[in-house]
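Please arrange chains B, C and D on chain A, whose structure you already have, making use of the hints.
Protein chains in written order, with this note's numbering: chain A, 201 to 622; chain B, 201 to 622; chain C, 201 to 622; chain D, 201 to 622.
Just so you know, these hints were derived from the structure itself, not from any lab. Note that the structure is a prediction, hence the values are computed from the model and not measured. Any given hint might turn out to be false.
In this list, chains with the same sequence are indistinguishable; a pair is considered to hold if it fits within one copy or across any two.
Unchecked claim - Mimicking DSS-like on lysine-lysine, the simulated pairs with C-alpha atoms at most 25 angstroms apart in a straight line are:
| id | residue 1 | residue 2 |
| --- | --- | --- |
| 1 | 481 | 600 |
| 2 | 207 | 549 |
| 3 | 600 | 217 |
| 4 | 255 | 380 |
| 5 | 217 | 255 |
| 6 | 549 | 599 |
| 7 | 357 | 207 |
| 8 | 217 | 251 |
| 9 | 275 | 207 |
| 10 | 549 | 600 |
| 11 | 599 | 481 |
| 12 | 275 | 256 |
Protein chains: 4
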Amino acid sequence: MPYEFTKEGLAVQEEVKRFMADHIYRNEEEYFRQYHEGGDHSYPPILDDLKAEAKKRGLWNLFLPHLREGDPGTKLSNVDYAPVSEELGKVRFASEVLNCNAPDTGNMEILNLYGNERIREEWLRPLLNGEIRSAFAMTEPAVASSDANNISLRIEKDGDEYVLNGRKWFTSGIMADRCKVMIVMGKNDPDAPRHRQQSMIVVPKETPGVTVERSLTVFGHEDRGGHGQVLFENVRVPADHLLGEEGGGFAISQARLGPGRIHHCMRTIGVAERALTYLIKRALNREAFGSLVAQKGLIQDWIAESRIEIDMAREYVLRCAHLMDTVGNKEAANEISGIKVAIPNMALKVIDRAIQVHGAAGVTQDTPLADMWTSVRTLRIADGPDEVHKMTIARRELKKYDPDFKMMPTRSDAEPHAFARP
Amino acid sequence: MPYEFTKEGLAVQEEVKRFMADHIYRNEEEYFRQYHEGGDHSYPPILDDLKAEAKKRGLWNLFLPHLREGDPGTKLSNVDYAPVSEELGKVRFASEVLNCNAPDTGNMEILNLYGNERIREEWLRPLLNGEIRSAFAMTEPAVASSDANNISLRIEKDGDEYVLNGRKWFTSGIMADRCKVMIVMGKNDPDAPRHRQQSMIVVPKETPGVTVERSLTVFGHEDRGGHGQVLFENVRVPADHLLGEEGGGFAISQARLGPGRIHHCMRTIGVAERALTYLIKRALNREAFGSLVAQKGLIQDWIAESRIEIDMAREYVLRCAHLMDTVGNKEAANEISGIKVAIPNMALKVIDRAIQVHGAAGVTQDTPLADMWTSVRTLRIADGPDEVHKMTIARRELKKYDPDFKMMPTRSDAEPHAFARP
Amino acid sequence: MPYEFTKEGLAVQEEVKRFMADHIYRNEEEYFRQYHEGGDHSYPPILDDLKAEAKKRGLWNLFLPHLREGDPGTKLSNVDYAPVSEELGKVRFASEVLNCNAPDTGNMEILNLYGNERIREEWLRPLLNGEIRSAFAMTEPAVASSDANNISLRIEKDGDEYVLNGRKWFTSGIMADRCKVMIVMGKNDPDAPRHRQQSMIVVPKETPGVTVERSLTVFGHEDRGGHGQVLFENVRVPADHLLGEEGGGFAISQARLGPGRIHHCMRTIGVAERALTYLIKRALNREAFGSLVAQKGLIQDWIAESRIEIDMAREYVLRCAHLMDTVGNKEAANEISGIKVAIPNMALKVIDRAIQVHGAAGVTQDTPLADMWTSVRTLRIADGPDEVHKMTIARRELKKYDPDFKMMPTRSDAEPHAFARP
Amino acid sequence: MPYEFTKEGLAVQEEVKRFMADHIYRNEEEYFRQYHEGGDHSYPPILDDLKAEAKKRGLWNLFLPHLREGDPGTKLSNVDYAPVSEELGKVRFASEVLNCNAPDTGNMEILNLYGNERIREEWLRPLLNGEIRSAFAMTEPAVASSDANNISLRIEKDGDEYVLNGRKWFTSGIMADRCKVMIVMGKNDPDAPRHRQQSMIVVPKETPGVTVERSLTVFGHEDRGGHGQVLFENVRVPADHLLGEEGGGFAISQARLGPGRIHHCMRTIGVAERALTYLIKRALNREAFGSLVAQKGLIQDWIAESRIEIDMAREYVLRCAHLMDTVGNKEAANEISGIKVAIPNMALKVIDRAIQVHGAAGVTQDTPLADMWTSVRTLRIADGPDEVHKMTIARRELKKYDPDFKMMPTRSDAEPHAFARP
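Here chain A stands alone, though its shape is the one from the complex (with noise of 0.2 angstroms):
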């Protein structure tokens, strides 16, 4: 699969390795004392100071690829994209930083591409200048998600309003104060096909009738934007609110899931790097049974499986990168699945091992590991799990050897017998 770094891209890299080196790593201890003194979900003061200087050196929504003329963002190709966002997965908040933080890259492409004037105006400037966050409202507690057609909250047209009724959770981002803005996926339509009954509509989070209920722990701690669950009850949003068109929510999900999905990707590479960084630095500090650490085969081999995961990983998603800038996210739909797979389990090793190397320390707040390996962990079921994007891959393979192929069997009363096999 050829491709190419653009001179563009390359001098946007070296540049954001600079500001890391300059600015990130350096307030990595302030940045995680301000955030403990002001509790779960608080917004860490230094956080504006660094956001400008991101600014002042025109590293800023780097994340916008492919618009229209005249759209805001850099325009950086999902190749050139890639080691930038890889350097940022290195540290916590470095991506919130240079403004390219989930759900926010996310939900501004979509209020980009589907947003109108209004939208645009209120939400999406205020969003590309970093001064709010916004929260996407998709997965619901009741069913499995993954399954669009599961989506149950309604959005029902009143007037020139629109009425929302459900239950949201795993809404991402919700539970910090600069959150303000909601995109919500709902059901308009339930008897239009599967994939016409759903549309997305963009909900203020003060709007009357939305109330956070609670907040969702991952692994028993608070992420900093915290998950929410949200109940929406009679909730009334202008009809200009709606994104796109009605049913047209699930494409515009689609839409936005692949470019999604490569960047916790991309991200994910640079926290398995640094993972392996940390298991490098401790297994040569610390002294066991009459050698270094590092000095124990098993180790070794550790460093070595480590190296060759996270390289292969990286051209993997390099690859699926290119497709996506050349033929397009829907052709490389194979490559956003695989990828979206492939990455996480790969990152959860080499941060496993790391830990393990730490012994104690590698489970505490000692290190990021412990921090590195819970949100990793999430991704695994985050934008459907795994074992869901295996099964649309296995479709496409097997439909290219036979087209009419069902995943299912259309009608079966078989049983495998209580003894196996004769």
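Only chains B, C and D this time, still in chain A's reference frame:
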């Protein structure tokens, strides 16, 4: 799962270990010399001497458990037989020397339980004496035979004879001169209920209409007894050669497979133990890059993993044996399937490590490792592939919570969408 | 490995199951409500009621095996205790209700065996009564503590007192109000032979010079009893607080860790069983893409794999328990290390699958799965990382073949070349 | 890692695909028929026709990259050659038809680079013409040959001849009649620095003193060219048969192994692709338990995993090829070792799944799967076992952080204690 070895069992275990030391290991090289001289499927003459010695010591037909009063066999319980079988598993031909080799063991059990006087005299007796060998013909080349329903060889009554038409393969043992008889599974009534359509019948190898079409290789080489593809064209056998009753074939096959599987597993633990011995000895005798291979941390880790995996597997097999002895094969179905899946997979890991430690030597004829690997690999398929056994385990687990649970939806036309999940 | 449950053991197992059904599961929600109300490290009042009920039923201190005549404790053998412990493992706080929770169990064993009259009266008695809790201070933040040689906290005799100076961390349980006492491992004679340098001593938490510096989080959250970092600055305790004799610390720690490890493993099997129950129930209650999740072949495979892995693991632990009961902890060292490695790794696989089947819910507070995962993950590090245990297993295996074998070459300067192997 | 295929490269790729379709697949059965008729190590006559056709199309010696002006070979870059090699890997004998088969490719490269006029005329010319075949004799049976230092075959100057004494094995290809010449690695100066002790020399197979002692089987069967054990007793060759200079053997072997490894890896990706095709086709053509095998969720998961793993691996190999093309083999050492480890392991997983889906057929001669498995399995050992390559990767990673890092402690007598960790 509490259980105990009996005094008699412990005595036999000791005796078998002595026999292995006195007669098997020291003749291993000679056995293989004779076999290669004789060619594929030949019978190394040394086996006769060894069998005579085994009989003299009373180490004969130890596998035959739980039979009727007056029956042949040493009647060890499954628990007592387990360590015996493990010991025998360490050398390719040891089971045969004690007349405890597959598929004869399973065949003798069936003939003993379901054969009439004539069958027992003509075929069981010489088998129990180790004078002839037998084959078991169930799998068919054209269908997935792990689903008994698929079996298509026809057995039709015609006067006082049965007529067989169809094709079998992986009829193990059939290529050997000494093999004189087959037990064949076929369908006698396609309209009967699912598990009452099949029958089992004794077919002398020399019956007209029986053609051994070819020998199937296993990873490129011929197994000693060979795996034959056998064509049945209007093969006629007397009606009294039917085992049990018409339609009873499925039930007999189930009765046969429980012991068959556990014997394989017990032997396979012996295989794994011996592979570990090879691994360790090699590691203690080779130097590379400044240390013994045994001083490499990674190899040490492999040794420990192997020890853990073998010991864990052995206990699981013993639990299964104990259940078979106490509550019966049917109640032990989950465990029988469980060991069938777990033990060969465990052994393959250990053997693979041992091969790797041997370098090039590990894949050659200079160690038994390559032979171990290919024969254990086939166990993941023989007697039903792992995946079918796991389906039956899952079914039982799920039915604990929902007795009406069906393994597949009775009607569905849903498909995961092209681009997974909004 | 033959063994049996005793009649008494079976009766206690039944009684514990009843107690779980009558008092634990139904109060699970209330317990966590009270705990969250009370805040990190708080003591939910409901525990007192439950403890009273447990005592009334005689389900108290069941862990204390094999003691001297006239000793406290129910004296279940390890084999008999195993199913009890598995049952208790299913709910986070059940062990505490029966006064069978770590690290108190191990501490009580040591105080019972090595404490003098005064220590037993002042500290063991209230611990056995469940009135106070205790902590165990061995691990140190600055060194790889799995190598006892590295331990650096100093214990020095000064008149009729010992003076402690140093720093510990992962002093589990220390953050709770009810925790009143620690057992501390330190070095009293750096010039003694390797395993005679350490001593253990009882240190009341309120002793001047003891400072709990901070609490360590585990994957971002606080464990109930907390894991403290504790500074010892000229901490003086009476000389009779030393346990056993000077230089006896290493031996005591070994005595302590055998039972400690097997208890963890037994409980962890209960954790895995419960995770599997969660997995299955969820799979039976969610639909996606046209079928129940339980009707997906991949999920069925996970269920079967989990059943096999759990059953296999349980037998391995029982073998270990039986060896500890019959030939003693020292002879069972390979098995104690083996289960320590095998069981948490097994459980993590099962829990991971259960999380995945739950989707987003699996990482939240809505199921115990996330908590299970983080607590079991720490077991791969606690009491020595897996890798160290595997080294000791490998050493024993290798010494079977070469009694003089050394784990590392005594002198080497070889390196693999830059570009491996011609 | 950015790179591109050239226009010429793309044209050759297309041409090779056409050739495979027109001449290889359709003659596969005939090839194997002729081979089995001819017996082990025989040369199926059909190869001559196919070679003639390949030459006619200009598909000949495509492997020879980066040579001197006026050199033979098509000079595809490694990147351009990769997809060609993948295509050839799909059928056992396709590489040979295009004169791109190991070990001849590596040997031709060396002869081209280091052979004098005479050697090039006598041996390189007929090899480039595909008239003869060659063998490479490096590995020795008595030592761990992945450590070049261990190599013990002696090469001693005696007048204007060199005299060779020693024994090699796994001299691949030597058993074939057409094999006429070997390149032999031996030690000419045991007192020189570590990597200056070895030399390489050309030895005609018919030289007096050369005895092919026996053929080594691979998992029980003979490979086509065979793997010979070769005794060298006072074997005398003219001094001008030495390749390069005395002491240059190690360097040459390194030069040889880079391309050799990447060719193996490229081909192995083709093997994996074809195994996946077999898997899918079988799954679409077999029913069991009420559905197509392809409709089983577990098998669908295998298909997806295989697709992901293959695609990821291919990108990794391309990255490696690109590095070899641009910064050179030495700078690409980490990647060369990385692919050498990653690709065969990946392919073995895919092949294993394909075998399992085929049931009994999967281990027989009826599909190429069993042959694929055994030949790919040997790649984990050939050219240095995976573990050695990982050591070298680890060393490079560790040296990034500590340039003076030593892989083993220079002096140690520590041991983990019998009962791990207090």
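Taking the hints in turn, this is what the structure says about them:
Taking the closest pair of Cα atoms, residue 481 and residue 600 come within 25 angstroms of each other only across two copies (10 angstroms); inside a single copy the shortest separation is 47 angstroms, beyond that limit. When the C-alpha separation of residue 207 and residue 549 is checked against a cutoff of 25 angstroms, the pair qualifies neither within a copy, at 34 angstroms, nor between copies, at 40 angstroms. When the C-alpha separation of residue 600 and residue 217 is checked against a cutoff of 25 angstroms, the pair qualifies only between copies, where the shortest distance is 18 angstroms, while the shortest distance within a copy is 42 angstroms. Taking CA atoms no more than 25 angstroms apart as the test, residue 255 paired with residue 380 passes inside one copy only; the shortest distance there is 22 angstroms, against 54 angstroms between copies.
In this assembly of identical chains, residue 217 and residue 255 lie within 25 angstroms of each other by CA distance solely inside one copy; the values are 15 angstroms within and 51 angstroms between copies. In this assembly of identical chains, residue 549 and residue 599 lie within 25 angstroms of each other by CA distance solely across copies; the values are 22 angstroms between and 32 angstroms within a copy. In the homo-oligomer, the alpha carbons of residue 357 and residue 207 never lie at most 25 angstroms apart, since the shortest distance is 49 angstroms inside one protomer and 56 angstroms across protomers. Only within a single protomer do residue 217 and residue 251 lie at most 25 angstroms apart by alpha-carbon distance; the minimum there is 16 angstroms, versus 53 angstroms between protomers.
For the identical chains of this complex, residue 275 and residue 207 are intra-copy neighbours only, at 13 angstroms inside a copy versus 29 angstroms across copies, given an alpha-carbon limit of 25 angstroms. Proximity of residue 549 to residue 600 under the C-alpha cut-off of 25 angstroms is restricted to the inter-copy arrangement: shortest distance 22 angstroms between copies versus 32 angstroms within a copy. Proximity of residue 599 and residue 481 under a CA criterion of 25 angstroms is satisfied inter-copy only: 11 angstroms between copies versus 48 angstroms inside one chain copy. Taking the shortest Cα distances, residue 275 and residue 256 sit within 25 angstroms of each other inside one copy (18 angstroms), while across copies they are farther apart (49 angstroms).
Going through the hint list in order, the structure does not satisfy hints 2 and 7.
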